[in-house]
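Place chain B on chain A using the hints.
Number of protein chains: 2
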Amino acid sequence: MTAAQYLESNKQKFLDELFELLRIPSISADTAYKGDVEAAAFYIKDKLIAAGADKVEICPTAGNPIVYGEKIIDPNLPTVLVYGHYDVQPAVPLELWDTPPFEPTIRATEVHPNGAIFARGACDDKGQVYMHVKAFEIMMATGTLACNVKFMIEGEEEVGSTNLGPFCIANKERLKADVVLISDTSIIANDTPSIDCGLRGLSYVEVEVTGPNRDLHSGVYGGAVANPINILAKMIASMHDDKNHITIPGFYDKVLELSAAERAEINKAPFNLEEYKKDLGIGDVWGEEGFNVLERTGIRPTLDCNGIWGGYIGEGAKTVLPSKAFAKISMRLVPNQDSHSITELFQKHFESIAPAGVKVVVKPHHGGEPVVTPIDSKAYLAAEKAMETTYGKKPIPTRGGGSIPIVALFERELGLKSVLMGFGLDSDALHSPNEHYGLFNYYKGIETITYFFQYFAAK
Amino acid sequence: MTAAQYLESNKQKFLDELFELLRIPSISADTAYKGDVEAAAFYIKDKLIAAGADKVEICPTAGNPIVYGEKIIDPNLPTVLVYGHYDVQPAVPLELWDTPPFEPTIRATEVHPNGAIFARGACDDKGQVYMHVKAFEIMMATGTLACNVKFMIEGEEEVGSTNLGPFCIANKERLKADVVLISDTSIIANDTPSIDCGLRGLSYVEVEVTGPNRDLHSGVYGGAVANPINILAKMIASMHDDKNHITIPGFYDKVLELSAAERAEINKAPFNLEEYKKDLGIGDVWGEEGFNVLERTGIRPTLDCNGIWGGYIGEGAKTVLPSKAFAKISMRLVPNQDSHSITELFQKHFESIAPAGVKVVVKPHHGGEPVVTPIDSKAYLAAEKAMETTYGKKPIPTRGGGSIPIVALFERELGLKSVLMGFGLDSDALHSPNEHYGLFNYYKGIETITYFFQYFAAK
Numbered sequence: 004m005t006a007a008q009y010l011e012s013n014k015q016k017f018l019d020e021l022f023e024l025l026r027i028p029s030i031s032a033d034t035a036y037k038g039d040v041e042a043a044a045f046y047i048k049d050k051l052i053a054a055g056a057d058k059v060e061i062c063p064t065a066g067n068p069i070v071y072g073e074k075i076i077d078p079n080l081p082t083v084l085v086y087g088h089y090d091v092q093p094a095v096p097l098e099l100w101d102t103p104p105f106e107p108t109i110r111a112t113e114v115h116p117n118g119a120i121f122a123r124g125a126c127d128d129k130g131q132v133y134m135h136v137k138a139f140e141i142m143m144a145t146g147t148l149a150c151n152v153k154f155m156i157e158g159e160e161e162v163g164s165t166n167l168g169p170f171c172i173a174n175k176e177r178l179k180a181d182v183v184l185i186s187d188t189s190i191i192a193n194d195t196p197s198i199d200c201g202l203r204g205l206s207y208v209e210v211e212v213t214g215p216n217r218d219l220h221s222g223v224y225g226g227a228v229a230n231p232i233n234i235l236a237k238m239i240a241s242m243h244d245d246k247n248h249i250t251i252p253g254f255y256d257k258v259l260e261l262s263a264a265e266r267a268e269i270n271k272a273p274f275n276l277e278e279y280k281k282d283l284g285i286g287d288v289w290g291e292e293g294f295n296v297l298e299r300t301g302i303r304p305t306l307d308c309n310g311i312w313g314g315y316i317g318e319g320a321k322t323v324l325p326s327k328a329f330a331k332i333s334m335r336l337v338p339n340q341d342s343h344s345i346t347e348l349f350q351k352h353f354e355s356i357a358p359a360g361v362k363v364v365v366k367p368h369h370g371g372e373p374v375v376t377p378i379d380s381k382a383y384l385a386a387e388k389a390m391e392t393t394y395g396k397k398p399i400p401t402r403g404g405g406s407i408p409i410v411a412l413f414e415r416e417l418g419l420k421s422v423l424m425g426f427g428l429d430s431d432a433l434h435s436p437n438e439h440y441g442l443f444n445y446y447k448g449i450e451t452i453t454y455f456f457q458y459f460a461a462k
Numbered sequence: 004m005t006a007a008q009y010l011e012s013n014k015q016k017f018l019d020e021l022f023e024l025l026r027i028p029s030i031s032a033d034t035a036y037k038g039d040v041e042a043a044a045f046y047i048k049d050k051l052i053a054a055g056a057d058k059v060e061i062c063p064t065a066g067n068p069i070v071y072g073e074k075i076i077d078p079n080l081p082t083v084l085v086y087g088h089y090d091v092q093p094a095v096p097l098e099l100w101d102t103p104p105f106e107p108t109i110r111a112t113e114v115h116p117n118g119a120i121f122a123r124g125a126c127d128d129k130g131q132v133y134m135h136v137k138a139f140e141i142m143m144a145t146g147t148l149a150c151n152v153k154f155m156i157e158g159e160e161e162v163g164s165t166n167l168g169p170f171c172i173a174n175k176e177r178l179k180a181d182v183v184l185i186s187d188t189s190i191i192a193n194d195t196p197s198i199d200c201g202l203r204g205l206s207y208v209e210v211e212v213t214g215p216n217r218d219l220h221s222g223v224y225g226g227a228v229a230n231p232i233n234i235l236a237k238m239i240a241s242m243h244d245d246k247n248h249i250t251i252p253g254f255y256d257k258v259l260e261l262s263a264a265e266r267a268e269i270n271k272a273p274f275n276l277e278e279y280k281k282d283l284g285i286g287d288v289w290g291e292e293g294f295n296v297l298e299r300t301g302i303r304p305t306l307d308c309n310g311i312w313g314g315y316i317g318e319g320a321k322t323v324l325p326s327k328a329f330a331k332i333s334m335r336l337v338p339n340q341d342s343h344s345i346t347e348l349f350q351k352h353f354e355s356i357a358p359a360g361v362k363v364v365v366k367p368h369h370g371g372e373p374v375v376t377p378i379d380s381k382a383y384l385a386a387e388k389a390m391e392t393t394y395g396k397k398p399i400p401t402r403g404g405g406s407i408p409i410v411a412l413f414e415r416e417l418g419l420k421s422v423l424m425g426f427g428l429d430s431d432a433l434h435s436p437n438e439h440y441g442l443f444n445y446y447k448g449i450e451t452i453t454y455f456f457q458y459f460a461a462k
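So the protein sequences, as listed, match chains A and B. Residue 163 in this note's numbering sits at position 160 of the first sequence, and the numbers go up by one each step. Residue 383 in this note's numbering sits at position 380 of the second sequence, and the numbers go up by one each step.
Just so you know, these hints were derived from the structure itself, not from any lab. All clues stand as given, with none of them false.
One copy or two, either will do: identical chains are not told apart, so a pair holds if it fits within one copy or between any two.
Using 30 Å as the maximum straight-line C-alpha spacing, the simulated DSS-like pairs for lysine-lysine come out as follows:
#, residue 1, residue 2
1, 280, 366
2, 362, 281
3, 351, 246
4, 281, 366
5, 281, 351
In isolation and in its complexed conformation, chain A is listed as follows (with noise of 0.2 Å):
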């Protein structure tokens, strides 16, 4: 039987045990699903062990497990590190889901008429890690593995993969290979194939702003007591200028500034600005001054709030003066920004600009590195023509928003370039309600894998 033979024989088979893992609630920001993030890890162990991995081991970390396994066929042949993550995003605000976040179903949408899987993780990444391990299945069962593997699935991605070096630093020997291979980010559509060469960093800061020691009666307190809310909010307008520059002091200062060929090359990505505003349902884009969008995303940092609260956010009217407003902040970077330093510029900003009236603390949750990776690499032109054999077309490179911050990790820990080959779409809605993947893009991502391995195994 043939590879291709085999992946159709066994389409319903392969779809529904990634339902099976998408059932599994392994949210990594809240404990409270510690639980099911094991639950998650145990299922890929399983199901590697099944399709023919060898020392496949649960490996405990100061967090959650990272799933390890392998197959050497023959320690001539180069080997691919296969990385991924069966951890996902909280799924709240639940109330705008079509369909629970983790009861998976099938409905087709305008750019995927043949149906997309709705559930969390269903691109990110449960969806894309399961086609690296079915494309494992198929590999050994049609006897076509040509180089060898090692797989590596860690539950911490969406957190900041933090106790992902240490392993890494703990296992060098163990994780030898010659690239790493990933399917964590977007193509440019279903008829564009693209590869990710540049993803920016993050640093991510939660800040809370304490005014008075107890919430107080506005009508009593309000006008001389410093709200904290106001001051937070005034603090938060104060980090970008008028022509949406980010104030923090030294914030650009390893900023890479890309040559105007470089630019060039950039925009030469497919893109519609009408189709842009109208997909968002914006009546304007909105960034730094100087810069497009495509640039805005791919080669400048910004800074966001994801999150915001203090005061009485219940039904109806509530005159309190709060004590306490948060809010949860964070930068992407760029080349050759770093996370830890970034991070300092804020904290040490931050506390610089409150008001006498208030108090600040800055706690910083997880960072990464902004990378950009090769796209001459003997991995990268493997890449490339297995997206050309299944596609019919040749990948853009592009640069990526989105921060996966181990691919920095895995260059400074194990010496290893990493080949950014996903298959999802930036429309799939990845850390939003109703998130979904394409039936499409599972199986071409599947089939494209195979063509992966046979490519790079060759001489």
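Same frame as chain A, but now just chain B:
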């Protein structure tokens, strides 16, 4: 038996009854407590009947009912209309209460060494309104009621008294009186009695800022799409200039500027800035340039956020660029601003400053008009003399920062002036966790009210 003897021998009973009332969570802002709100109305009704009131009735309105009762001893004698409210503020955040908000307990505090009752509504306004019911019982039981009395106790004060206006208009004859007596304000300290003679008005709005039509991945879209939290922060920040003046065009047009003599009068109230800061745990006060704390809270309008929310507010980190952000914003008003016009000015301004990338909706909640009450009326002088009798000191006339919108309403609809003879303390944590009311204040209030009736009835 004298009034004083009756009070002395019924202290425990008066306390037990108040506890029973405080156990009813009559939160008017949240419709989930509708049944409790009604239970509180019935409790007041029963106690008025038991004390000897006539024509006691639960009067339905479009919202929560109003309890009415009266005792006309002689149509030729003056009539006091007692107003109060049996509804309370929400009790959230519950985790900041040392004891549950609806299980009253007594504990001593620094300013209440003889004990204070801790419960939501202990002071605002169940404790204070119930003093009137018990003062009435005393006067009835001891044959000392010296003039007529009518009670109008409502259940929507904390949500803007929406249905009190229509009730007053529809019951003008029944509500005929010579003065309205209200205990819903504070004195300066337990050894420094005072009477509020100015109250700020209120405009309360809720705003919603919508950016993209769905929550987005902040890595993929961040930097190119207006983030509604950042925009809301910018809009809120812009509502005050660098002198903390409010920037809404026309906002100050009708503000009554006080003369130097009037400002001097207000500044006669005892005030210690260091103690004020220490009590609130703040490094400095804050507010409009050119005014001190007493002026900022007494004679100047304000704009405060009472609540804000948007994006991910759970544990950990979520890199979301949210679709929506919300805030509850209230403005305290002074003579001669009016609530309706200020709400309109806010709405117009807020809509005008929204950038193209977002849509905003402003939803007015409730409002109330600012008032100044006379300090030379027969009723004010009776209150002054009553306090002088029980406290041994003449009360100081003060300008309060809070809003009791119904004072303007009574003037407009019933042609009646009010006397604001309250007995709480600003430090009693009204609208806050651990609200409390001194036992000293509760009994002193009951005693003072009986004297008020005596002096007011005197020729």
